[in-house]
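Chains as they are written, first to last, in this note's numbering: chain W, 6 to 420; chain H, 6 to 420.
Hints were generated in silico from the structure; no laboratory data involved. Here the structure is a predicted model, which is why all the values come from computation and not from measurement. Just to be clear, a hint being listed does not mean it is correct.
Covered stretches of chain W (in silico footprint by chain H; criterion: 3 or more residues with CB under 8 Å from a CB of chain H, positions within the stretch not fixed) [as the list claims (entries may be wrong)]:
no. : stretch
1   : 96-110
2   : 159-170
3   : 215-221
4   : 238-245
5   : 318-328
6   : 374-383
7   : 404-410
C-beta: ideal position from N, C-alpha, C; glycine also.
Protein chains: 2
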Amino acid sequence: MRCEVVAVGTELLLGQIVDTNSAWIGEQLALAGIDCLRHTAVGDNPQRIRLALEESLNRADAVIVTGGLGPTQDDITRDIIAEVMNVEMVQSPELVEIITAKFLGRGRAMPENNLRQADLPRGATAMKEMPGTAPGLVCPVGEKVIYAVPGVPLEMRQMIEGTVIPDLVSRSGEVAAIRSRVLRTWGQSESGLAEMLAEEIERLDGTSGVTLAFLASGMEGLKVRITAKAPTETEVEALLNDEETRVRSIIGPLVFGIDEENMETVVLKELVTQGLTLATAESMTGGLIASRLTDIPGSSQAFLGSVVSYANAVKHEVLNVPDGPVVSEQAVLSMAKGVCEVLGADVSVAVTGVAGPEPQEGNRPGLVWIGTSVDGEVEAVEVRFPYDRTMARQLTVITALDILRRRLIKRAEKN
Amino acid sequence: MRCEVVAVGTELLLGQIVDTNSAWIGEQLALAGIDCLRHTAVGDNPQRIRLALEESLNRADAVIVTGGLGPTQDDITRDIIAEVMNVEMVQSPELVEIITAKFLGRGRAMPENNLRQADLPRGATAMKEMPGTAPGLVCPVGEKVIYAVPGVPLEMRQMIEGTVIPDLVSRSGEVAAIRSRVLRTWGQSESGLAEMLAEEIERLDGTSGVTLAFLASGMEGLKVRITAKAPTETEVEALLNDEETRVRSIIGPLVFGIDEENMETVVLKELVTQGLTLATAESMTGGLIASRLTDIPGSSQAFLGSVVSYANAVKHEVLNVPDGPVVSEQAVLSMAKGVCEVLGADVSVAVTGVAGPEPQEGNRPGLVWIGTSVDGEVEAVEVRFPYDRTMARQLTVITALDILRRRLIKRAEKN
């Protein structure tokens, strides 16, 4: 069973709205074990919609089309599907009744236009879900099928979940489940990870039902995604567990989290587990670490606050950084120590560096000193990023928190 | 000149990421007056990528393909383009040098894999923009052209703006100029703005060559986009200037900036002009205001730093907030005053509120107190946001800075 998704709407091509529907439908299809081979977006143009539908129907067994089911003159998806089916449009007395009742129920007169939504291609059936006034349509084309659903996400989702997926699954007769699991990593480049896992990828190649993929996601880390396919949920789960164990045995220490976990949630969880409070002292990142931590609900359980010491005077006077260069090991160690004292925290992260675009104290942009204080012991690490200002700041955030995470894990192992 | 966009990546079909790139590219093409007829997304599969590229190239004069330019084995866009061009792959010594230098600059050894990124189809040229290690490619196919850019938004955007759009415009030879100007506003809802400008939009309707559009952009404000089309650049410029004057005469005080200006750059510029230094005291926003300010190059000219007083103890002990409720007028006034004293700043912004999801001190999430201190005079404003945690934090940032901006403008008018 192969499926394609066609989104109709000139506003999608003009970038006035982002097509989140196709991604959501793609996810539902994947979870149901149905292959989705292509997403297409076209404007509100009869020839181009027809061409897109016919092409998709040639390649696939089923096509899901979103949008163009509204009541206005430029909503033409219904009519184009009738052309593709080579049938005429007929008014459904049942739909006339339902749509009229919806307007009456809201105490509003029905604009004449809305009756267009009661027309459907002969041979098509309306879906039972109908949260708005646009019916979704199941349109058989020979052995294949076109599903038409509105572009309004709420209406679309109810119809996909309630009618389209069950219908596709029963048509496919296949009983396959697909699941993914994402291992979040930090400390290696995408190609470095690929090299470490090259042998494992080769081993999987072929008919194992398991694949590995990499995705660099900036401040969110570098993701290793395991995808498994098998006849049953239980078998899929077993494949995922087995593969996670294998991957961890190769890149173990680089993995900091799974799926929706990110570096902030992982560090906060570790702090809460160990009963520690955290403060940050930020120069180059200018509050970004604190801002990311406090975006997590419940962060107040461990995070006390931050001194953003952007001006040198603030470093010297509030954090007790001694005179001398402020992008240096000495400075970052003092910041890490100072902020623990000022805010009364158990552990801290401190950052000072050259965000750019201009050099500072003779250092090129991208040079960063990261300091951490754990149980009063301060450590400093020098890192370099080749990226632009925004990217350097973002990669500094995840790198600094990862350094703290590793120290926290060591601390737990010792105790 | 007709263009299509092809996005490559199995993760798009599986809905693991939403394809925001195609929407963004669609917007740039529309602004440049180039028709975009279709967006297609395909997985990392050689046959299907090739088919999508060939089909798009049949219908259109130019194809922009995003993704699949990374260093790993599943990044195959380069090779497929060579097949479509019917040429072999050749290694570019110049690219080998550039990519190697990028790794050296970061003080890291280059994985062998990354050299794949120095291969390009014979006859293709690398784009001059190269923020990462993946070069963008301009690939002539007869009279037509394929542009290949990485899927990483930052890299993609630089290449589209710097190379693809100018190249398309020069190829199109069209003599119509299209330009947009964005007025950034804050303080009115989208529908409120639409009502204020309803008469003006009606006046424009038809053949004026000028259109107005609205775009709500969270922390970036509510944008009013003026788009003008005319035979020459000079005429377009005159249309834009005339329309900007008309719009400003209606919604004047709501406009805080133009085009790439945002609330941070506008506030920083005003501070530098008036010779003032700024500090922030942040509880609910947790460093987000400081982080946004320091993302602007040159912010150190006015911004001294921040005390992120997430824990109440930090509010009381570092900022001298008196005992009592911490989400209150009294607390925010003390924070605004306290941070000026602690960091030695001329003006300050302070924020305390309930980010949620849980209520605090009997207040529902979304309640925020914003304080400002200018020349020692403190003021407080209470605002309420109905949004979720992240959205409430973001809208607080732009609201707080807008309050400071208005006070700074009043200050300049008095002096």
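Do the hints match the structure? See the list:
| no. | hint | in the structure |
| --- | --- | --- |
| 1 | 96-110 | violated (count 0) |
| 2 | 159-170 | violated (count 0) |
| 3 | 215-221 | holds (count 4) |
| 4 | 238-245 | violated (count 0) |
| 5 | 318-328 | holds (count 4) |
| 6 | 374-383 | violated (count 0) |
| 7 | 404-410 | violated (count 0) |
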